[in-house]
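Now for the letters of each chain:
There are 2 protein chains.
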Amino acid sequence: PSVGAGANGSLAAAARAQVGPPTNPMATALLTDQYQFSMAYAYWKAGKHADHAVFDLYFRKNPFGGEFTVFAGLEECIKFIANFKFTEDEISFLQSVMPMCEDAFFDYLRGIDCSDVEVYSIPEGSVVFPKVPLMRVEGPVAVVQLLETPFVNLINYASLVTTNAARHRHVAGKSKVLMEFGLRRAQGPDGAISASKYCFMGGFDATSNVLAGHLFGIPLRGTHSHAYVSSYMSLDEIPDRTLRNKDGSKICKDFVSLVKEWLCKIQAADSLRNVFGDTNQSELAAFASYALAFPSSFLALVDTYDVMRSGIPNFCAVALALHDLGYKASGIRLDSGDLAYLSIETRKVFHAIEKEFNIPGFGKMVITASNDLNEETIDALNKQGHEVDAFGIGTYLVTCYSQAALGCVFKLVEINSRPRIKLSEDVAKVSIPCKKRCFRLYGKEGYPLVDIMIRESEPSPKAGERILCRHPFLESKRAYVVPQHVEELLHCYWPGSSERSTTS
Amino acid sequence: PSVGAGANGSLAAAARAQVGPPTNPMATALLTDQYQFSMAYAYWKAGKHADHAVFDLYFRKNPFGGEFTVFAGLEECIKFIANFKFTEDEISFLQSVMPMCEDAFFDYLRGIDCSDVEVYSIPEGSVVFPKVPLMRVEGPVAVVQLLETPFVNLINYASLVTTNAARHRHVAGKSKVLMEFGLRRAQGPDGAISASKYCFMGGFDATSNVLAGHLFGIPLRGTHSHAYVSSYMSLDEIPDRTLRNKDGSKICKDFVSLVKEWLCKIQAADSLRNVFGDTNQSELAAFASYALAFPSSFLALVDTYDVMRSGIPNFCAVALALHDLGYKASGIRLDSGDLAYLSIETRKVFHAIEKEFNIPGFGKMVITASNDLNEETIDALNKQGHEVDAFGIGTYLVTCYSQAALGCVFKLVEINSRPRIKLSEDVAKVSIPCKKRCFRLYGKEGYPLVDIMIRESEPSPKAGERILCRHPFLESKRAYVVPQHVEELLHCYWPGSSERSTTS
Numbered sequence: 001p002s003v004g005a006g007a008n009g010s011l012a013a014a015a016r017a018q019v020g021p022p023t024n025p026m027a028t029a030l031l032t033d034q035y036q037f038s039m040a041y042a043y044w045k046a047g048k049h050a051d052h053a054v055f056d057l058y059f060r061k062n063p064f065g066g067e068f069t070v071f072a073g074l075e076e077c078i079k080f081i082a083n084f085k086f087t088e089d090e091i092s093f094l095q096s097v098m099p100m101c102e103d104a105f106f107d108y109l110r111g112i113d114c115s116d117v118e119v120y121s122i123p124e125g126s127v128v129f130p131k132v133p134l135m136r137v138e139g140p141v142a143v144v145q146l147l148e149t150p151f152v153n154l155i156n157y158a159s160l161v162t163t164n165a166a167r168h169r170h171v172a173g174k175s176k177v178l179m180e181f182g183l184r185r186a187q188g189p190d191g192a193i194s195a196s197k198y199c200f201m202g203g204f205d206a207t208s209n210v211l212a213g214h215l216f217g218i219p220l221r222g223t224h225s226h227a228y229v230s231s232y233m234s235l236d237e238i239p240d241r242t243l244r245n246k247d248g249s250k251i252c253k254d255f256v257s258l259v260k261e262w263l264c265k266i267q268a269a270d271s272l273r274n275v276f277g278d279t280n281q282s283e284l285a286a287f288a289s290y291a292l293a294f295p296s297s298f299l300a301l302v303d304t305y306d307v308m309r310s311g312i313p314n315f316c317a318v319a320l321a322l323h324d325l326g327y328k329a330s331g332i333r334l335d336s337g338d339l340a341y342l343s344i345e346t347r348k349v350f351h352a353i354e355k356e357f358n359i360p361g362f363g364k365m366v367i368t369a370s371n372d373l374n375e376e377t378i379d380a381l382n383k384q385g386h387e388v389d390a391f392g393i394g395t396y397l398v399t400c401y402s403q404a405a406l407g408c409v410f411k412l413v414e415i416n417s418r419p420r421i422k423l424s425e426d427v428a429k430v431s432i433p434c435k436k437r438c439f440r441l442y443g444k445e446g447y448p449l450v451d452i453m454i455r456e457s458e459p460s461p462k463a464g465e466r467i468l469c470r471h472p473f474l475e476s477k478r479a480y481v482v483p484q485h486v487e488e489l490l491h492c493y494w495p496g497s498s499e500r501s502t503t504s
Numbered sequence: 001p002s003v004g005a006g007a008n009g010s011l012a013a014a015a016r017a018q019v020g021p022p023t024n025p026m027a028t029a030l031l032t033d034q035y036q037f038s039m040a041y042a043y044w045k046a047g048k049h050a051d052h053a054v055f056d057l058y059f060r061k062n063p064f065g066g067e068f069t070v071f072a073g074l075e076e077c078i079k080f081i082a083n084f085k086f087t088e089d090e091i092s093f094l095q096s097v098m099p100m101c102e103d104a105f106f107d108y109l110r111g112i113d114c115s116d117v118e119v120y121s122i123p124e125g126s127v128v129f130p131k132v133p134l135m136r137v138e139g140p141v142a143v144v145q146l147l148e149t150p151f152v153n154l155i156n157y158a159s160l161v162t163t164n165a166a167r168h169r170h171v172a173g174k175s176k177v178l179m180e181f182g183l184r185r186a187q188g189p190d191g192a193i194s195a196s197k198y199c200f201m202g203g204f205d206a207t208s209n210v211l212a213g214h215l216f217g218i219p220l221r222g223t224h225s226h227a228y229v230s231s232y233m234s235l236d237e238i239p240d241r242t243l244r245n246k247d248g249s250k251i252c253k254d255f256v257s258l259v260k261e262w263l264c265k266i267q268a269a270d271s272l273r274n275v276f277g278d279t280n281q282s283e284l285a286a287f288a289s290y291a292l293a294f295p296s297s298f299l300a301l302v303d304t305y306d307v308m309r310s311g312i313p314n315f316c317a318v319a320l321a322l323h324d325l326g327y328k329a330s331g332i333r334l335d336s337g338d339l340a341y342l343s344i345e346t347r348k349v350f351h352a353i354e355k356e357f358n359i360p361g362f363g364k365m366v367i368t369a370s371n372d373l374n375e376e377t378i379d380a381l382n383k384q385g386h387e388v389d390a391f392g393i394g395t396y397l398v399t400c401y402s403q404a405a406l407g408c409v410f411k412l413v414e415i416n417s418r419p420r421i422k423l424s425e426d427v428a429k430v431s432i433p434c435k436k437r438c439f440r441l442y443g444k445e446g447y448p449l450v451d452i453m454i455r456e457s458e459p460s461p462k463a464g465e466r467i468l469c470r471h472p473f474l475e476s477k478r479a480y481v482v483p484q485h486v487e488e489l490l491h492c493y494w495p496g497s498s499e500r501s502t503t504s
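Protein chains in written order, with UniProt numbering: chain A, 1 to 504; chain B, 1 to 504.
Think of the hints as simulated: they come from the structure by calculation, not from any bench.
Treat each hint with caution, since some may be false.
Said to hold, decoys possible - Estimated spans, in silico, between C-beta atoms of each pair:
{"#": "1", "chain 1": "A", "residue 1": "Gly66", "chain 2": "B", "residue 2": "Ile251", "range": "56 to 64 Å"}
{"#": "2", "chain 1": "A", "residue 1": "Ser402", "chain 2": "B", "residue 2": "Pro130", "range": "47 to 55 Å"}
{"#": "3", "chain 1": "B", "residue 1": "Val366", "chain 2": "A", "residue 2": "Phe473", "range": "43 to 51 Å"}
{"#": "4", "chain 1": "A", "residue 1": "Cys264", "chain 2": "B", "residue 2": "Ala17", "range": "51 to 59 Å"}
{"#": "5", "chain 1": "B", "residue 1": "Gly217", "chain 2": "A", "residue 2": "Ser402", "range": "47 to 55 Å"}
{"#": "6", "chain 1": "A", "residue 1": "Pro239", "chain 2": "B", "residue 2": "Ile91", "range": "21 to 29 Å"}
{"#": "7", "chain 1": "B", "residue 1": "Pro130", "chain 2": "A", "residue 2": "Asn382", "range": "28 to 36 Å"}
{"#": "8", "chain 1": "A", "residue 1": "Asp426", "chain 2": "B", "residue 2": "Gly217", "range": "51 to 59 Å"}
{"#": "9", "chain 1": "B", "residue 1": "Gln95", "chain 2": "A", "residue 2": "Lys246", "range": "17 to 25 Å"}
{"#": "10", "chain 1": "B", "residue 1": "Asp51", "chain 2": "A", "residue 2": "Lys253", "range": "50 to 58 Å"}
{"#": "11", "chain 1": "B", "residue 1": "Ile91", "chain 2": "A", "residue 2": "Glu458", "range": "54 to 62 Å"}
{"#": "12", "chain 1": "B", "residue 1": "Leu474", "chain 2": "A", "residue 2": "Ser402", "range": "28 to 36 Å"}
{"#": "13", "chain 1": "A", "residue 1": "Lys253", "chain 2": "B", "residue 2": "Ile91", "range": "28 to 36 Å"}
{"#": "14", "chain 1": "B", "residue 1": "Leu474", "chain 2": "A", "residue 2": "Gly125", "range": "49 to 57 Å"}
What the hints assert, rightly or not - Here are some, though not all, of the chain A residues that point toward chain B, as calculated from beta-carbon distances under 8 Å:
{"#": "15", "residue": "Asn24"}
{"#": "16", "residue": "Ala42"}
{"#": "17", "residue": "Phe357"}
{"#": "18", "residue": "Asn358"}
{"#": "19", "residue": "Pro360"}
{"#": "20", "residue": "Leu412"}
{"#": "21", "residue": "Lys429"}
What the hints assert, rightly or not - With a cut-off of at most 30 Å between alpha-carbon atoms, the simulated BS3-like pairs for lysine-lysine come out as follows:
{"#": "22", "chain 1": "B", "residue 1": "Lys429", "chain 2": "A", "residue 2": "Lys429"}
{"#": "23", "chain 1": "B", "residue 1": "Lys364", "chain 2": "B", "residue 2": "Lys174"}
{"#": "24", "chain 1": "B", "residue 1": "Lys383", "chain 2": "A", "residue 2": "Lys429"}
{"#": "25", "chain 1": "B", "residue 1": "Lys246", "chain 2": "A", "residue 2": "Lys383"}
{"#": "26", "chain 1": "A", "residue 1": "Lys462", "chain 2": "A", "residue 2": "Lys131"}
{"#": "27", "chain 1": "B", "residue 1": "Lys176", "chain 2": "A", "residue 2": "Lys429"}
{"#": "28", "chain 1": "A", "residue 1": "Lys348", "chain 2": "B", "residue 2": "Lys174"}
{"#": "29", "chain 1": "B", "residue 1": "Lys435", "chain 2": "B", "residue 2": "Lys462"}
{"#": "30", "chain 1": "B", "residue 1": "Lys383", "chain 2": "A", "residue 2": "Lys79"}
{"#": "31", "chain 1": "A", "residue 1": "Lys435", "chain 2": "A", "residue 2": "Lys174"}
{"#": "32", "chain 1": "A", "residue 1": "Lys355", "chain 2": "A", "residue 2": "Lys328"}
{"#": "33", "chain 1": "B", "residue 1": "Lys260", "chain 2": "B", "residue 2": "Lys246"}
{"#": "34", "chain 1": "B", "residue 1": "Lys174", "chain 2": "B", "residue 2": "Lys260"}
{"#": "35", "chain 1": "A", "residue 1": "Lys176", "chain 2": "B", "residue 2": "Lys429"}
{"#": "36", "chain 1": "B", "residue 1": "Lys260", "chain 2": "B", "residue 2": "Lys364"}
{"#": "37", "chain 1": "B", "residue 1": "Lys174", "chain 2": "B", "residue 2": "Lys61"}
{"#": "38", "chain 1": "B", "residue 1": "Lys79", "chain 2": "A", "residue 2": "Lys79"}
{"#": "39", "chain 1": "B", "residue 1": "Lys79", "chain 2": "A", "residue 2": "Lys85"}
Glycine included, each C-beta is placed from N, C-alpha and C at the ideal position.
Isolated chain A (complex conformation) (with noise of 0.2 Å):
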């Protein structure tokens, strides 16, 4: 058998250089089903691993019972084959497992990568619909047929994690904060890694997941844990409780006691009389301690012991006394209870200081909200009002629980330029023959109207020219179109190697 990529390594270790490894260095050339290498070596024994496939990856319905989906992870497909190229310590194990495969078929997986394979793609970010190919990949059939696997696995997740962040923002509105907080409910590390990753795709505006800040530049955000404010006994624990000056003019020598007649002065206050009572000695301790170490950006969980009664009487003790000193406090969070009571009940308090003791800006203080939240929720708490600021996502958001896998598929659609087609008695899993193009038809307010897909051979559709845009699988369901623009959908993200020696 020939050994047709195998002969550009240096054209692939270009192109390697150029793109980058994987996010995940796991993500390697044998991340594959076993049957994939079962059919390479159907392939190569028939003499037609080189036969020129073209298959097309996409999927079936949209997720959460929803109207879109977001198209994510084409970038790790690509480093995906700019990296793949088996290793010795690979073959090795290749041949462990497969003793009936001839030698030469090891000599012809050690020449192979992916020189000779074209992906035409969507760009990532596209908000895509079902059927219409979110990706082409030609190439070697038994070269392409072993991205399948990782292809639907780097895509799958990243699509449907990216929708769901998405479909967060859509029920949140613009004006909130969102962030993942998943990195302790998702698939392992790096099913977090993507998470946090996706869902700065799908609109979110920060992370908890330091990792993930550090790879993708993602803005990191949290507040401090339960385990902090159970963590202290009472403000004797605080050694040190001096503070400067926000402008530096200054030390106050005992922040403590500055906040303790803060405490005071809230409680004796008319306007707040009868809202608070005794608060928690642990719990203002921790609050002190935390606001000394980031008296600039100081933000408490305040559900650990009683909110209304404890936890927001004690940050607001702590938020003034900051206040005194020049900084501002940057707000609460909320992990438990009635939300929307708790927020709104909250919001008065802030209103009712900032009135009584003049401080300006007192009433806009920050509430985020987190606690088992998801798209659900949300609505409910819009419906019932609230005055959450910021949404911290967890478990619902990473897992995609109402809808854990998104279902993508990659299927032949044509081999040596004759179409291929896979058959079913659900009418829904017959794949669309052919090598096609796909362009979105816009209207006349700039709006898109509609996907189509059309053979190869066939023109383009033009603006201004009516067409007829017929449904794959419905055939009463067709229409008219004049579009007033076209877009071509699947753009060339990886030339094959003839091609790129041009360029080079």
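Let chain A serve as the given structure and place chain B on it in line with the hints.
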């Protein structure tokens, strides 16, 4: 601030060398929530960072509406702490995102590792229950706090998917072969690798994930895909039709003709009359070609066109031709349609062929089923009756569709020998304070009766001695138990440096 663990560099290096790196290279000390670093700084600022803290890791509710959980992820946690150390690059990144922190804090971070941390844990793979700690982690509060997120991340999904696999094993029965096919539906590369590892731990027999096979030695299984079948057009595409007998004694010059002869015989056989129609020739070519590549392990996917009219007779013709040459085909895979009906009809055909052509064992050919299987669908198949021998399970298994997160928590229960509690309006969320020892009490027949927690200072329960067991939250739930056997649940998996130095 003192740098406790840093002085023990050589011990830490020795521990690392002994334990090995985490499976996922991304499981680094940065894989944590941003607020863990904020808290570490606040502890450090207050001089509390070295306070001796005890944390319990536990979950509150069994997943999947079930009555048990299988604990997994311990090995990865131990690898994580054995390799816990910040690189200069990581320190620089932390400095860039925490510009408000003093330089000396980063010197402190440079010095820490897990030499002063102790980990006590239930053995990996144990059946465990809510509220009883799976792990107790002790050490300097700032360091142990940094372990919260990675530990919960490494245990949450691992335990969830292991439990899910065990539940699938339970419903499928001991005699069935269970194969994990989830690579393309998991949360990225390492979600998939974790899934393969922990499904094997939970009782699966094999995986399709080649990298998981390489990393963990899990047996690999798989067939071919629909794409392989549809890549063929006719029998003319098989250039080399020779196949040597299994015993090497002679060579069949035209295996394809032999297959065709068998197809005619099947179609003409009295006992099979009217069962089969004309079969699809591209499918027949794909099967024959696959058999030429894998004569000793021929397993065919039979639903590309029509299972009973085409897939089964084509498979049988190839299997019978292989039989002529001394080979034994493995069986078929069904990936769509009514799996109960199709498996039963297929089994009838296999038995009819065994009888008609006197081929002992043909009736027992393996029938594998896949296609969105889960606990419920397998249970439904059991109720309907079926002839499936092996199940390939993907999406529902690895995404844990019916409950996508376990919800492990990591709570401070003691600091400097003083008990700590986290209160909540939701009583189930109240943490159980104090450093604990945990025991499983066994009854007369050797079955476990109950798991109990006691304070470290209390006397251990003893076999034959009556003990009053009380539910932690429901006062009326209490019972006297006289155990026949007592098993301590938490074992030391990572001793503190003092103990390690005495043993090294």
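Right, here's what the structure says about each hint:
| no. | hint | result |
| --- | --- | --- |
| 1 | A/Gly66 x B/Ile251: 56 to 64 Å | 59 Å, holds |
| 2 | A/Ser402 x B/Pro130: 47 to 55 Å | 24 Å, violated |
| 3 | B/Val366 x A/Phe473: 43 to 51 Å | 35 Å, violated |
| 4 | A/Cys264 x B/Ala17: 51 to 59 Å | 58 Å, holds |
| 5 | B/Gly217 x A/Ser402: 47 to 55 Å | 36 Å, violated |
| 6 | A/Pro239 x B/Ile91: 21 to 29 Å | 26 Å, holds |
| 7 | B/Pro130 x A/Asn382: 28 to 36 Å | 33 Å, holds |
| 8 | A/Asp426 x B/Gly217: 51 to 59 Å | 37 Å, violated |
| 9 | B/Gln95 x A/Lys246: 17 to 25 Å | 21 Å, holds |
| 10 | B/Asp51 x A/Lys253: 50 to 58 Å | 25 Å, violated |
| 11 | B/Ile91 x A/Glu458: 54 to 62 Å | 59 Å, holds |
| 12 | B/Leu474 x A/Ser402: 28 to 36 Å | 32 Å, holds |
| 13 | A/Lys253 x B/Ile91: 28 to 36 Å | 33 Å, holds |
| 14 | B/Leu474 x A/Gly125: 49 to 57 Å | 51 Å, holds |
| 15 | Asn24 | 5 Å, holds |
| 16 | Ala42 | 4 Å, holds |
| 17 | Phe357 | 26 Å, violated |
| 18 | Asn358 | 28 Å, violated |
| 19 | Pro360 | 24 Å, violated |
| 20 | Leu412 | 4 Å, holds |
| 21 | Lys429 | 7 Å, holds |
| 22 | B/Lys429 x A/Lys429 | 45 Å, violated |
| 23 | B/Lys364 x B/Lys174 | 18 Å, holds |
| 24 | B/Lys383 x A/Lys429 | 27 Å, holds |
| 25 | B/Lys246 x A/Lys383 | 72 Å, violated |
| 26 | A/Lys462 x A/Lys131 | 22 Å, holds |
| 27 | B/Lys176 x A/Lys429 | 28 Å, holds |
| 28 | A/Lys348 x B/Lys174 | 61 Å, violated |
| 29 | B/Lys435 x B/Lys462 | 20 Å, holds |
| 30 | B/Lys383 x A/Lys79 | 47 Å, violated |
| 31 | A/Lys435 x A/Lys174 | 40 Å, violated |
| 32 | A/Lys355 x A/Lys328 | 16 Å, holds |
| 33 | B/Lys260 x B/Lys246 | 20 Å, holds |
| 34 | B/Lys174 x B/Lys260 | 39 Å, violated |
| 35 | A/Lys176 x B/Lys429 | 28 Å, holds |
| 36 | B/Lys260 x B/Lys364 | 23 Å, holds |
| 37 | B/Lys174 x B/Lys61 | 27 Å, holds |
| 38 | B/Lys79 x A/Lys79 | 28 Å, holds |
| 39 | B/Lys79 x A/Lys85 | 29 Å, holds |
Of the numbered hints stated above, those contradicted by the structure are hints 2, 3, 5, 8, 10, 17, 18, 19, 22, 25, 28, 30, 31 and 34, listed in ascending order.
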